[in-house]
Amino acid sequence: MENWRSVAAAALGCLVVAAIIGTALASDEAGTDTLGDLQKFGSKEEIEVFLKENTQKGWNGYPGAPGGAGRETGMNAPAPVATAAPTSSTRDYSTTNVQVEGVDEADFVKNDGKYIYILSGGTLAIVEAFPAKDAKILSETRIEGTPEALFLAGDRLVVFAVATEEEMITPAGSVTPVPISRTVTHAHVYDIRDRSGPELIRTLTFTGDYYDARMVGEYVYALTRESPLWVRDDLALPAVREGEAPPIRPEIYRPKTPMQNYVFYTESAFSVRGTGTPDAETFLLGYDTTLFASQENLYIGYRNMGPAYPAGGTPERTIIHRFAIGQGKIGYRAMGEVPGHLLNQFSLDEHEKNLRVATTVDGWTQEGSIQYNNVYVLNSAMETIGTLEHIAPGERIYAARFVGDRLYLVTFKQIDPLFVIDLSDPKHPGILGELKIPGYSDYLHPYDADHIIGIGKETDENGWGGVSVAGLKIALFDVSNVNKPIQVDAVVIGEAGTDSAALHDHKAFLFAKEKGLLVVPVSEIVRVENPASKYPGSYGTATWQGAYVYRVSPASGFTLEGKVTHAEKGPYPVWDASDAVRRSLYMDDTLYTVSARSIVMTGLGDGKRMNEVFLPYREGASPPPYPVW
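Position 267 (the sequence shown) corresponds to 364 in this note's numbering; numbering is contiguous.
Please note that the accuracy of each hint is not assured.
[Claimed, not checked] Using 25 Å as the maximum straight-line C-alpha spacing, the simulated BS3-like pairs for lysine-lysine come out as follows:
#1 Lys581 <-> Lys610
#2 Lys510 <-> Lys581
#3 Lys141 <-> Lys353
For the record, the hints were derived by calculation from the structure and aren't laboratory data. All values reported here derive from a predicted model rather than from experimental measurement.
Start from the sequences, fold in the hints, and give me the full structure.
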C-alpha cells in the first residue's frame with residue numbers, strides 16, 4: 098500500500114505550507130500538528146483510529162454516513178483575466194447572477210456576448226448565438242462522466258464532471274490489491290480559441306463529489322466531498338491527481354470541536370492558465386455545509402448538532418472556518434461558532450474585513466420547542482463582536498440579503514415580515530424597521546440603494562386560522578425610509594403550486610437595472626375549463642412552463658412585457674422537464690431562454706421569436722441542474 102506520503106512529497110508539502118501559512122506548525126502532546134483551531138493528523142493510522150472512535154457506525158459497520166499564506170495582503174489581489182472580445186460580439190450582455198462582484202460562480206451555462214457555452218446531455222455545446230438569426234451550434238464535445246458546472250475565463254473553459262472510477266487498494270494485512278469503485282470529480286480545462294474544436298489541455302481529478310466552486314481572476318477554488326470510504330478495515334484517503342503523475346495526498350485536518358459524523362472536504366485551487374501543482378488541503382468537517390467566498394476569503398460553515406437537551410444552551414450551532422485565498426493559494430486563518438443554522442450562502446457576507454451571519458435556531462430544549470433568528474458580526478479572527486438575537490420568535494428565515502451596511506431579512510410563519518437591519522456599527526446591529534405583508538420571499542435581489550426585489554409565494558388565510566400557500570409572488574420594496582419600508586408593487590402568478598427555479602437557485606434570476614429588465618422562469622399552475630365534464634363550469638388545472646418577462650421600475654412597478662415558452666403545444670397537465678426554462682440571458686436586445694432541449698431567442702423590443710437552437714439533449718437523460726419543485 099502507498100505510504101502516507103513519500104519523503105519528497107512531505108518535504109514539498111512543508112515548503113508549500115511554510116510559503117502559504119508563513120508560520121511553523123506547533124505540536125500538541127499527541128504529536129498532532131495544530132493550525133489555529135484545526136489539528137493535523139500525523140498518519141493514516143491516526144485518522145482511522147480517530148474515525149472509529151469518534152463517529153457513528155454506517156451501513157457497512159464502519160464510521161461515516163451511507164452512501165495559510167504569508168501576509169494576507171500578498172494573497173488578496175486577484176489577477177486579471179485577459180479576455181479578448183470575440184469577433185462581432187455585443188458589448189451589452191448578461192453574465193451569471195452572482196452574490197459577490199468579482200467572484201464568479203460555476204453554472205451549467207455561460208456566455209461572452211457572442212457564444213453560449215452550455216452543458217447538455219453529457220456534452221459541452223458551444224453555440225454561436227449572436228446575431229440571433231444566424232445562431233447555430235459550432236461544436237459538441239462529449240464529457241466523461243456527468244457534467245455538473247463550468248467556468249469561462251477568456252479563451253479558457255473549465256468543466257467539472259463527476260465520474261465513477263476503479264482504484265486499486267491494498268488493505269492492511271493483505272498482499273493482494275483489490276479494486277474499489279470511487280466517485281471522483283474531474284476538472285477539464287479547455288482551450289477554446291477555436292470554438293469549433295475545443296482543445297482539452299489539462300484534466301485534474303479530485304476524489305469525491307463536486308460540491309461547489311468559485312473563480313477569482315484566473316484562479317479556481319473548488320470544493321469536493323466524500324464520506325469515509327472503508328475497504329475491509331482500511332481507509333481510502335482523499336487524493337488529487339493529474340494524468341499519470343503520482344497522486345497528491347493533501348494534509349488532513351480536523352476541528353477540535355467533536356461532531357456526530359464527519360465528511361472529507363477537499364479544497365483545491367488551480368489556475369485556468371497555469372500548469373503547476375494545485376494547492377489542496379483536506380478537512381474532516383460536518384454535514385450540511387455552506388460555501389461562501391469573497392475576493393479575499395473563502396468560508397465553510399456547517400451545522401454541529403449538540404445534545405438533545407443542552408443545559409441552558411441551544412440545540413444546534415454553526416461552525417465557520419475562514420481561509421484566505423489568492424493567486425491560487427489557500428491558507429487557513431480562523432474558526433468561529435454561532436448559535437443556529439444557516440439557510441444558504443446568502444446567510445453569509447463579508448464587509449470591511451468582518452463576516453456577517455444570519456442564522457435560525459430551531460429545536461427543542463427542556464422547556465419545549467424553540468425557534469428564533471439571530472444576526473452576528475465576526476471579525477477577521479472569527480470572534481463575535483456584534484450580536485442581535487431572538488428576532489421574530491416562532492418564525493424562521495426564508496431569505497436574507499446583505500447590502501452594504503444593511504441586512505434585509507425575511508422570516509415567515511403566518512405573515513411575511515421584511516426586516517431592515519442596520520449593520521453600520523458592527524458591534525451594535527439593530528432593527529431599523531419592518532414591513533408585514535401576506536406571503537413571503539425566498540430570494541431577495543437589490544434593485545438599487547433604496548429598493549429591493551423579492552420573489553417567493555403569496556399566501557391566503559384558510560378556514561382554520563392558518564395560512565395556505567397560493568401562487569408565485571414578485572414584489573418590489575422601497576426601503577429609502579429604513580424605519581418604514583413599503584411595498585411599491587407586487588404581482589402574483591398562477592394558482593397554488595406555481596413555482597420558479599429562481600426560488601431555489603439565484604442563478605435562474607435575470608435582472609438588468611439599466612434595461613429595467615426582469616426575467617424569471619415559471620412553472621405556472623393555471624385553471625382551465627374541463628370540456629369533457631358533463632357539468633357546466635367544471636374546471637381543472639394545467640401546467641404552463643416558460644419565462645415571464647417584465648419591465649420594472651420604482652415609478653411604474655412591474656409591467657408584463659410578454660411570456661416565452663419552449664412548449665409549442667401550450668398548456669397541458671403533464672410536466673415536461675425538458676421544456677422547462679432553467680436560465681435566461683441577453684445579448685443586446687435579444688433574450689435567450691434556455692431549457693434542457695433548446696435555446697429560444699426572442700426580441701426584447703417586439704417579443705417575436707427570432708430563432709431556436711436545439712441542444713444535444715437526450716430523452717431520459719438528467720442534465721443537471723433540473724429545477725427542484
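Next on the checklist: Name the hints, by number, that the structure is in violation of.
Outcome noted: No numbers; nothing is violated.
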